[in-house]
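K.L.:
Listed below are the residues making up each chain.
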Amino acid sequence: MPYRLLRFALSKKYPEPQMFSKPNKLKKHYDVVIIGGGGHGLAAAYYLARDYGITNVAVLEKNYIGSGGTGRNTAIIRSNYLTAEGVSFYDKSVKLFQDLSAEFNLNLFYSERGHFTMAHTDSALRTMRWRTEVNKHMGVESILVDRNFIKEKIPEIDLDCGHNMPIIGALYHPPGAIARHDAVAWGYGRGANMRGAEIHQNTTVTGIDVKNDKVVGVKTNKGTVETNKVLSAVAGYTPHITRMVGLRTPIVVHPLQACVTEPMKPWLNAIVVSASFHLYVSQSSRGELVMGASLDPYELHSTRSTLDFAEGLSGHTLELFPFLSEIKILRQWAGLSDMTPDFSPIMGTTCVEGFYIDAGWGTWGFKATPASGKTMASTVANDKDDETIIPFNLSRFGQYELVGEKGAASVGH
Amino acid sequence: MPEPDKVSDEVWADYVFNRAGEPGIKREWWYHLSSGTWFIAEHDTVKDIFIKTYLHQHMKEDE
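Respectively, the protein sequence lines represent chains H and B.
Sequential numbering from 1 applies to the first sequence in this note's numbering.
Sequential numbering from 414 applies to the second sequence in this note's numbering.
Don't read these hints as lab results, they were simulated from the structure.
Idealized CB from N, CA, C, for every residue including glycine.
Each hint should be verified, as a subset may be incorrect.
Below, computed lysine to aspartate or glutamate pairings styled on EDC-like, alpha-carbon distance capped at 16 Å [as the list claims (entries may be wrong)]:
id	chain 1	residue 1	chain 2	residue 2
1	B	Lys439	H	Glu299
2	B	Lys460	H	Glu299
3	B	Lys460	H	Asp296
Which bits of chain H does chain B cover? Going by a derived footprint, with three or more residues having C-beta under 8 Å, they are [unchecked claim]:
id	stretch
4	39-49
5	234-243
6	251-259
7	397-405
Take the sequences, apply the hints, and build the full model.
P.N.:
The following block contains the structure:
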């Protein structure tokens, strides 16, 4: 046994550096309070500290950091959306992701794989063509490809899908990537913490004090803090927080399930999405297939898993990859998706002064983590919506100016 | 339901888009595929339990 390892086992103090400093009790006052210690909240804290020198910040997380959507997604990063506003936003995020491991000095296992959205019908192919043209116009790399191209990149695929719904083409997006999702929260968290922001886990927000339509403080189970700026970044728990400030939103929360298979030797390089079969699959650096499908079709605030999800997803996956019939599902879980009517997020200022919202992330939140952090930090620091997120303001519904991303954000359409 | 011709655009937008999103017991519209029946279910959206179901014709208007 290596001598160093033995010495470590017998030592009384931890000689290895801790990733985060343990904060003391909540202070009486903070310049900014961020509710939600997931990727988005921690990214906002990071950019607030790094780019604006705003370090008197507390991130309040009711559980452990990254325990919400950040730790439950299927880790796909792409910018091949349908609207110009969406493409611009997600492209910003992809570009930030590409250098993030180096910036954090933490391996995020960021792996560019190429992303296929399969079209099984003429109308689907028409949508893929539409998305390709919008992407190209916005300077994002996307190409419409045929069956031969798909077969060359994914030799194991059954293009005819058991003769039921043959693949006729696909939207191919070379920058499509996957990453170690939890590490994104840790990287942003450590970076924010290093620069002075405090991260308080096991701290539940129980109320927000508003006087004359202005935020004056936050009540938690660990005490009350005074602040004039609150950023809510809690995704599937958003309705709890918006109720505290009396805001009405279109958000409805549905569970979104996912699963992984047992590990295999690397065979799937690309990320595969099929809108018709409602599934997306990629092979992680651990060799597991990471798979997801469409939302559970009813409102539920619970992260329970069901058998019908695993059965349905497996059945459709076997239509694409019949050779997987002996492979076992290792683990399944669920997260809460805060859905909006136009499948675009809700970001920016609100009619409550000092209350900023980062929500409505549905099934499209993880890939947005860096761009959300950066634009929300700018918005909170300047008390003005960052240019990129103006179209996503909560007020758009009152003006009927929805940003319709269903064709690109949702798997089933 | 507000009358679309009589209220402002903002009031109508609030009715069309905004929801009571917090967890709780919700009255939901469900459709039974094989019989084509629409019915109402009172659904506990935290415990995932159905408390009551009834045909939509039996729903009280003023509730």
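K.L.:
Now tell me, hint by hint, if it's right for this structure.
P.N.:
Status of the hints after comparison with the structure:
no. : hint                  : in the structure
1   : Lys439/B <-> Glu299/H : holds (9 Å)
2   : Lys460/B <-> Glu299/H : holds (11 Å)
3   : Lys460/B <-> Asp296/H : holds (15 Å)
4   : 39-49                 : violated (count 0)
5   : 234-243               : holds (count 5)
6   : 251-259               : holds (count 3)
7   : 397-405               : holds (count 4)
In summary, the one numbered hint that this structure violates is 4.
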